[in-house]
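Once you've looked at the hints, dock chain B against the given chain A.
Chains A and B are the protein sequences, given in the same order.
Heads up: the first sequence at position 262 corresponds to 262 in my numbering, and the numbers run straight through without jumps.
Heads up: the second sequence at position 382 corresponds to 382 in my numbering, and the numbers run straight through without jumps.
Hints are not guaranteed to be accurate.
Which copy is meant is left open, because identical chains are indistinguishable; a pair holds if it fits in one copy or across any two.
Stated by the list, open to error - Only pairs whose alpha carbons sit at most 25 angstroms apart, straight line, appear in this in silico DSS-like list of lysine-lysine:
| hint | residue 1 | residue 2 |
| --- | --- | --- |
| 1 | K137 | K66 |
| 2 | K137 | K47 |
| 3 | K81 | K228 |
| 4 | K393 | K81 |
The hints are simulated quantities; they were obtained by calculation from the structure and are not laboratory data.
These figures come from a predicted structure and were not determined experimentally.
Okay, here's what each chain looks like letter by letter:
2 protein chains.
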Amino acid sequence: MGRRAVLLLLLAFLTPGTAGPVPPALKALSNLHLSTSFTSRPAVAMKYSIHYIQQKVNHFGFNTDKTFKQRYLIADKHWRKDGGSILFYTGNEGDIIWFCNNTGFMWDVAEELKAMLVFAEHRYYGESLPFGANSLKDSTHLNFLTSEQALADFAELIKHLKRTIPGAKNQPVIALGGSYGGMLAAWFRMKYPHMVVGALAASAPIWQFEDMVPCGVFMEIVTRDFRKSGPNCSESIHRSWDAINRLASTGTGLHWLSEALHLCSPLTNSQDVQHLKDWISETWVNLAMVDYPYESNFLQPLPAWPIKVVCQYLENPSVSDTQLLQNIFQALNVYYNYSGQACTEMVMPFCSNGIDDMFEPHSWNLQEFSDDCFKQWGVRPRPSWITTMYGGKNISSHTNIIFSNGDLDPWSGGGVTKDITDTLVAITIPEGAHHLDLRANNAFDPTTVLLARSLEVRYMKQWIKNFYGSLRKKH
Amino acid sequence: MGRRAVLLLLLAFLTPGTAGPVPPALKALSNLHLSTSFTSRPAVAMKYSIHYIQQKVNHFGFNTDKTFKQRYLIADKHWRKDGGSILFYTGNEGDIIWFCNNTGFMWDVAEELKAMLVFAEHRYYGESLPFGANSLKDSTHLNFLTSEQALADFAELIKHLKRTIPGAKNQPVIALGGSYGGMLAAWFRMKYPHMVVGALAASAPIWQFEDMVPCGVFMEIVTRDFRKSGPNCSESIHRSWDAINRLASTGTGLHWLSEALHLCSPLTNSQDVQHLKDWISETWVNLAMVDYPYESNFLQPLPAWPIKVVCQYLENPSVSDTQLLQNIFQALNVYYNYSGQACTEMVMPFCSNGIDDMFEPHSWNLQEFSDDCFKQWGVRPRPSWITTMYGGKNISSHTNIIFSNGDLDPWSGGGVTKDITDTLVAITIPEGAHHLDLRANNAFDPTTVLLARSLEVRYMKQWIKNFYGSLRKKH
Chain A
1 MGRRAVLLLL
11 LAFLTPGTAG
21 PVPPALKALS
31 NLHLSTSFTS
41 RPAVAMKYSI
51 HYIQQKVNHF
61 GFNTDKTFKQ
71 RYLIADKHWR
81 KDGGSILFYT
91 GNEGDIIWFC
101 NNTGFMWDVA
111 EELKAMLVFA
121 EHRYYGESLP
131 FGANSLKDST
141 HLNFLTSEQA
151 LADFAELIKH
161 LKRTIPGAKN
171 QPVIALGGSY
181 GGMLAAWFRM
191 KYPHMVVGAL
201 AASAPIWQFE
211 DMVPCGVFME
221 IVTRDFRKSG
231 PNCSESIHRS
241 WDAINRLAST
251 GTGLHWLSEA
261 LHLCSPLTNS
271 QDVQHLKDWI
281 SETWVNLAMV
291 DYPYESNFLQ
301 PLPAWPIKVV
311 CQYLENPSVS
321 DTQLLQNIFQ
331 ALNVYYNYSG
341 QACTEMVMPF
351 CSNGIDDMFE
361 PHSWNLQEFS
371 DDCFKQWGVR
381 PRPSWITTMY
391 GGKNISSHTN
401 IIFSNGDLDP
411 WSGGGVTKDI
421 TDTLVAITIP
431 EGAHHLDLRA
441 NNAFDPTTVL
451 LARSLEVRYM
461 KQWIKNFYGS
471 LRKKH
Chain B
1 MGRRAVLLLL
11 LAFLTPGTAG
21 PVPPALKALS
31 NLHLSTSFTS
41 RPAVAMKYSI
51 HYIQQKVNHF
61 GFNTDKTFKQ
71 RYLIADKHWR
81 KDGGSILFYT
91 GNEGDIIWFC
101 NNTGFMWDVA
111 EELKAMLVFA
121 EHRYYGESLP
131 FGANSLKDST
141 HLNFLTSEQA
151 LADFAELIKH
161 LKRTIPGAKN
171 QPVIALGGSY
181 GGMLAAWFRM
191 KYPHMVVGAL
201 AASAPIWQFE
211 DMVPCGVFME
221 IVTRDFRKSG
231 PNCSESIHRS
241 WDAINRLAST
251 GTGLHWLSEA
261 LHLCSPLTNS
271 QDVQHLKDWI
281 SETWVNLAMV
291 DYPYESNFLQ
301 PLPAWPIKVV
311 CQYLENPSVS
321 DTQLLQNIFQ
331 ALNVYYNYSG
341 QACTEMVMPF
351 CSNGIDDMFE
361 PHSWNLQEFS
371 DDCFKQWGVR
381 PRPSWITTMY
391 GGKNISSHTN
401 IIFSNGDLDP
411 WSGGGVTKDI
421 TDTLVAITIP
431 EGAHHLDLRA
441 NNAFDPTTVL
451 LARSLEVRYM
461 KQWIKNFYGS
471 LRKKH
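Chain A with its partners taken away, still in its complex shape:
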C-alpha cells in the first residue's frame, strides 16, 4: 500500500458518512455473509426537527460578510427546562443525519439526563456547504475547512440556542462526538470551556499526530484484531500480498486477477495492482473499525463480529496463490471519498513494516506526502500545527473530558487510553471497535461497553450537578 494510498484510505475511513455509493468491497462481504436484517436500530424513535443557522464563512477575519447556512437537528422530547441539560453532538465529516442515526447512545440517555439533543453538522459536509456546489472546488474554496472554524461554528450555534430557546440559557451543555467528531468534542472543551461543562470524546485519536505515538501502531492493531479472530487469519492476509505480486508478474496472472474480481477494466500495469492492494488493505482496516458484536450498518450492512466471519475463509494460508486470493477477494473496489483537510492540519503519520503487522512494509515519508498534497490540492501540510494549537500530550490543565476507546479499534493507538488527571479520564472497552459506546443499546453488547456507558453517564451527571451547584451559589 503506497503512502499516498494510505492517506486516501484513512481519509476515506474518517469520512464514512460522505460515501455516496456504498463501498462495493464491504457490500460484497456482507452479501456473502447474508447480513440482510438490521437489528441494531435503537429502541427509541429518532424524531428530530431540522434547523439552520447563518454562520460566517470565516470566523477569524473580517474582510468578508459572507455567510452560509449550517444545518443542525434538535430532539427535545425528553428535555426539561427545570434541571435539564443539552447534549451537543460535534458533527464530523459527513451528513449530520447519518451521525444522528448512528449515535443511539445520546437517544438512550436523553430521558435520564432530561436532555435536549442537538446534532450540529460540520461545515463542508452534508447540506452545510460554505460555497454551495463550489465548496470543494479548489483550495480557495476549501480554505475555511479547518477544525478551528468548525469549533467556532459550534460556539456560535450554542450561543444562538441559548439566546433563542426559552429555558436553554441556564442549562449545562455537554459535547459528544466520535472519531474526528470526538477530537472536536475534546478540543471544544479545551478551547471553549465556557461553552460546555464537559466532553465525551469517543475513539478520538488526538495523539495520532507528529511523533506522539509510533506510526505503526494503527496497522498493528488492525493485525491484532485479525490474528485473534481466527486461526492463521492474519497470516493468510500477510501472504496474500506476495501472492498478488507473483500473479501480477505475468499476463496470464493479471488476466486471472481481473476475471476473478469481475473488474470492468482489466488490470494492465503495476499501478493498477497497487490500487488493488490498497483497496484490499482498506477493507481490512474498515473491518477492524466496525468489528461490532452484532449486525450493524455503520459503514455498511455487516454481520456480527465481521472479522470472525471473514476469517472463517482464511484458515489455511498454505494453499495455492489463486486459491488464497479467491478466499481473499470478497472485498474490493472501495470508493474513495476525500477532502482536503488531511493535506492541511490533519496530518497523521502512518506506517507498516510487515513484521509487527500483516501489511506490506511502508514507511512514513512526510516529504512525499507533502508533494502529493501539493500536486492534488495546491497546499502543503503543516504537520505540527495541531499539536501547537491543541497541546499534544501536554493537556493536563484542562478538565472534564472522557476519552473512550475500544481495544479492537485501530484508532485507539492514537487515543488517550490512560487517565491524565482526575477529570481527564480514559475508559477502555476491551471488546469495543470504533466508538461502540456511542451506538444504541443492543442485546449483544458486551458487558464492558455497558459498563463504559454507565460510567460515562455518571460523569455527565456529575458535571451537570456541579453546574447547577455553582449556578445556585451565584444567585
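Just chain B now, kept in the frame of chain A:
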C-alpha cells in the same frame, strides 16, 4: 465627545507605542509643568538581541503560503539553563522596543527567576508587517489583524524558541503583558495552557465587552481620579464643556478660542468645536492612565502625579468662561493613531452621562458605531465575538492567571478585580495607574505596588516550582 470620537480616542489610548509624533496635548502639559528630567529609567541595563521568525500570515487557512517576519527581542543575561524560566511578553499594539523599554518589571525580576526575557512584537505593529508598507492599506490587508492570529504567532514563536535554543525545551514559560497585551497574556494562557504555565495580565480590561460592565464605568473612574486630585478639579472640567459651547456660539468666541489655542487653522463650525472637545477629553483620559507617582515618559514626558499638577490650575470653577478655558487649555491637538481592530472584534462599549462623570453625556450606540466602521474601513464589528471566543465572565475553569489593576486606571473598570478561583487571582493597587506594576522599580513607588509585584513574583515562582515538580515526576 461624539461616539465616533470616543472610539478614536480610546483606540489611541490603546496604542501609545504607535504614536509617531508625540501627542501635542501632553507635550504642552508636560512642558508647562517643567517635566524635563527622566528618573524612571530602570536601574538595570536593557541589553537585548533582535531576532525575526517567519510566520504564516494566516494561521487558520491553507490556501496561501504567504509569510512575514515577526520581530522579537531576547535578553538572556540572567537566564540559567538549570532551573531557569522564560518570561514572554505578549506584545500589544506598538513597536516592541517601546514595550521592552517600558516593562522594567521583567528586567527587575529576571535574575531572581533565572529568566530569559522574550518580547514578541504584535503583527501589524513596529517592524512586524504582514504586507510591508501595504499592511494597513485596506480591509483586505488588515484581515489578519486579529487577537487569534496574534496568539497563534506567539504559540509558533515559543515552539520555535524551544526547538532552537539549547536548554529552553524543558523550561516553564510565563506570559506577561499590560493593557491589550495583558488581555493577550490572559487569553494565551486560556487558549494555549500547554504553552505557558501561567500569565500576568496587568491592567487587562477583558470584561470591557458587550454588557459585562456598565459602559459608563470608564469615564467615572477618570472623573474620580480628577475629583480626588485637587479641590473643584473635576467640577472645573465639568463646567468647561458649556463654557466652550457658549464661546463657540459667537464668531468672536470662535476667534478667541482659535487664538487661545494657537491653532494653525481657526475653528469655523460646530464639527471643529466637537473635535476640540474630543481632544480635551482624550487628554484627561490619558492623564488618568498615566497618573504615576513619579516623573515618567510612558505616553509622554510627564511630572509625578500629573493630575495633581493639572488640578492646581483648576481649583476655581466659578471664574469667567475665558478664564476657565485658559486654565483648561494646556492640553490639545492630540494625535490620533488608529488601526482597524476596534471595528472588528475589539468592540468596547463606552458612554458618559455628565452626572456620575465630568464629561458631556453620550450614550453608546452600536448601530452608529457600526456605520462609522463601515464608512471608514468597509467592515462591520462583531460585538459579541470576543465573549464567544474567550468566555466573558465565565472563565473559572482556567487556571494560573494574575489579573492586576490600579484603582486610578480607568481600564480597571473592565478588568478582573476580584479573585475568581484560587488560581485566577486579582491584585489591586490603590495608588496605581495603567499597569504601574509592570514598570521598573522606582524610589517613589507606593508601597501597594511593591506589595503587588512581590505577590506576582511569588505566584510566578510557584508556577515554576510546580512545573519542575511535575517534570521530575514524569522522568
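Checklist entry - What are the numbers of the hints that this structure violates, sorted from low to high? => result Hints 2, 3 not satisfied by this model.
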